[in-house]
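Got chain H; can you put chain X on it based on the hints?
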Amino acid sequence: MSNNIRLLYVEDEADIIEIAECALEDEGFDLLFCSSGSEAVEKAAEFSPDIILLDVMMSGMDGPTTLENLRKTSGLESTPALFLTAKVQPQEVDALLALGAKKVIAKPFDVMTLADQIKDAL
Amino acid sequence: MRRYALNIPVSTAVIIGLLVSAVVFINVKHREEQELRQKFNNIAFNISKDLEKEVNTQLYTLSSLSTLFKTAEFVDRYEFYALATPLYKRSTVFKAIAWIPIVSSAEQARYESFAKLDGFSDFQFFEKNATGERIPAADRDVYYPTFYLEPYQGNEVALGYDLGSESSRLAAINEALKSKSTSASSPVTLIQGDHSRPATLIFTPISKKEKPSSPRQSISGFIVGVIEVNRLLSNISPSIYSNASTFKNINITLFETSNRENRVFISSKNHPKLVTPSYKKNTRATMRNTQKIQIANKTWEVVTSVNHYKYFFLPNLNPLYAAGISMLFFITFIFYLILLRKQKDHAENNLKEKTASLISSEKRLQAAVENIADGLITVDNKGRIQSFNSATERIFGYSQTQAIGKNVSFLMPEAFKLKHDSYIKKYSETGKKKIIDAGREVEGLKSDGTLVSIELSVSEITIDDQTVFTGIIRDITEYKKLERMKNEFISTISHELRTPLTSIRGALSIIINKSQDDLSDKSKRMLATAEKNILRLGQLINGILDMEKLDAGMLSFKEVILHADAIAKTAIEASEAYAKTYHITLSIQCQSPDLMILGDEGRLLQVLANLLSNAIKFSPAESQVRIEVSHSDTMVRFTVFDQGEGVSETFRPYIFERFSQADDSDTRERGGTGLGLNISRAIVEKHKGKINFYRTAKNETAFYFEIPIFSPK
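Heads up: the protein sequence lines correspond to chains H and X, in order. Counted from 1, the first sequence has number 120 at position 119 by our numbering; the numbering is strictly sequential. Counted from 1, the second sequence has number 44 at position 14 by our numbering; the numbering is strictly sequential.
Chain H on its own, in the form it takes in the complex (with noise of 0.2 Å):
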């Protein structure tokens, strides 16, 4: 087992996936990508993330209602959750953070400080 943090990254972007891979690999995690939050649902327990990062629009199944389904799998109850979005709002921030997020990333985001984004949240 590496000491890599162990992410997962719902996106029902492909191109958006891409260029995240390319911005977090050889920044020490372990990436699960999930195109679709049913998928995450599925996979997630198995794959035991240290944190998840959510795209909040999505086709299917949203981003929160993922998060929903995710807290109800054993493990995950309380495992740093993060969204990514366009909505900068305040309130819709405020709203996100109220879901048990730990942090907001806009999009778009800096591909060069995507990475510590994501480990300041640990």
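The set of hints was computed from the structure by calculation and includes no laboratory data. Keep in mind that a hint or two might mislead.
As the list claims (entries may be wrong) - One side of the interface only, derived from the structure: several residues of chain H facing chain X at Cβ under 10 Å:
hint : residue
1    : 19
2    : 89
3    : 94
4    : 110
5    : 111
Don't be surprised by glycine CBs; every beta carbon is placed ideally from N, CA and C.
Just chain X now, kept in the frame of chain H:
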């Protein structure tokens, strides 16, 4: 036709008015006349009684003088003077008082010599002839000469006059001799007077001391009082009997009526010169009263008359006044009738015109109401629908006939219906109003059970004391749809546009930062350009989003307490990289490190970033841009100075407007969205501050904004 209709009531009123006035006049006049007559009779009675009393009182004084002559042996002329003077002086009626001895023809010479001894050298018994000339008394058995006479002055001519020479006087003498008591003569003209001054002589007999041989000789002479009747009458002042203004010119006329057939005029107060009684002809004498009085043995008639009496000027019950007032009343009444009639005609005409114009304007109004695009609904104070125009029919799907009379709540969805019903109930109980006044978006319930978005404006009007609510209803379904589309579009921009942007920006950033070594210089320059433009695109999208939120009033702020200079420092740090690309150095100047403000950190940083990026963009290379944080008593001011060209004169008014940029060339060269300052201004104003710019003395451009200092209390 109308003229006749007008005349009948008016002429009726005129006739009635005249009749009533006449009746009032006659009645009042009659009553007043009666009253006046009574009053007048009282006056006349009093006048005559006073006359009688006056004369008889004086007659009594004469008899006292005659008693003196009876008892005294001899009364000389001086004694007579001494006794008579106070009598006539006290008296108001006697012109003279005289002693008349009865002198036989034998004694004539002796009496004449007595008088001459008394100093009357030319004294003689005399009489007057037919032409009125003085002549020596004719030969008679007995003479009745005026022997003593007081006052002598004014009566001189009468001294020596034989009273027996004239029939009226002689008649009175004989009567006195016969009755042995006072007698009065019929009116005579005095020797010393004229025709205008009738007089009556009062003969008081003087009895002899010794018993006479015959009754006729028992009288030695007479004390005679001369009463000038005019003087007697002038003593009577009618004004003491009545209010002078009631009876003007009361006339008193005296007649002697001793024998029945013959009434002899004595004198009249106001017409003393008229020997012939004028009153008989003067039938206009409206009031006359005759009283009889006794003057010695004579009966006099006192006729009091008045031609004018001033009942026209009586303050109360004046018949003319009464008639005038009643006439006036009727005239007023007639005018009122005329006026009423005219007004009625006028009103009828007006009503016709108005009704006509009302009908047409009503039609026009109805047409307008029917055809307006907005729904118009009126509701009474119990919530019942009174009118329902065709636009409302279209909106709700109910026909007018279905809607009118129903409670308006049937057009409302269930939740609102209950609220409305309770409101109406409350309103009718307490009069408390709670209505939607300005336009408000609500939902209406259509006939098919679906909801329709409406904008409702309710206002309250009062028609004929009835409160009516008018509702203007606008179907905003289309508007709502458009708004939804706009929101969706914005959402698309924010998500669908940002997502690819994130990918592109991320990809470029990774290449530039991680694969530098594998790239040619040209590729690196190209990638740098691409990255710069992707940032710009991101800013533009953010700007548009902010703007939309501003318009929708949805730009929200999360106010926290902030250090002013900390904000400035953060802003500088954030713009450091950008400044470097333009070869600009940034600096900061803080006046006071403890200044606190209340605001949204992100938004304020956004403003500062905007001002800084503008300053950087427009500064010449290698120059300096600085932030200065200063403050007044109440405001903190952030100023960004640059050494650029500044804002051109023509552009100044528009600099804070949307999509405004100095010119196209600038835009192309410097980049920017044209939204920054507009959004900045909105943000600053939300913080109760203001934003502006100026040119400094050192030729710097200074953009500043200031917001209130936060002072914790």
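Do the hints match the structure? See the list:
Against a cut-off of 10 Å between C-beta atoms, the interface hint on residue 19 of chain H holds, since the closest Cβ of chain X lies about 8 Å away. Given hint, residue 89 of chain H at the interface with chain X, holds; its Cβ is 8 Å from that chain's nearest Cβ, closer than 10 Å. Interface hint at residue 94 of chain H: satisfied, since its Cβ lies 9 Å from the closest Cβ of chain X, which is below the 10 Å cut-off. Taking 10 Å as the C-beta cut-off, the interface hint given for residue 110 of chain H holds, the closest approach to chain X being about 7 Å.
Interface restraint check: residue 111 of chain H against chain X, minimum CB-CB distance 7 Å, threshold 10 Å, status holds.
When each numbered hint is compared with the structure, no violation occurs for any of them.
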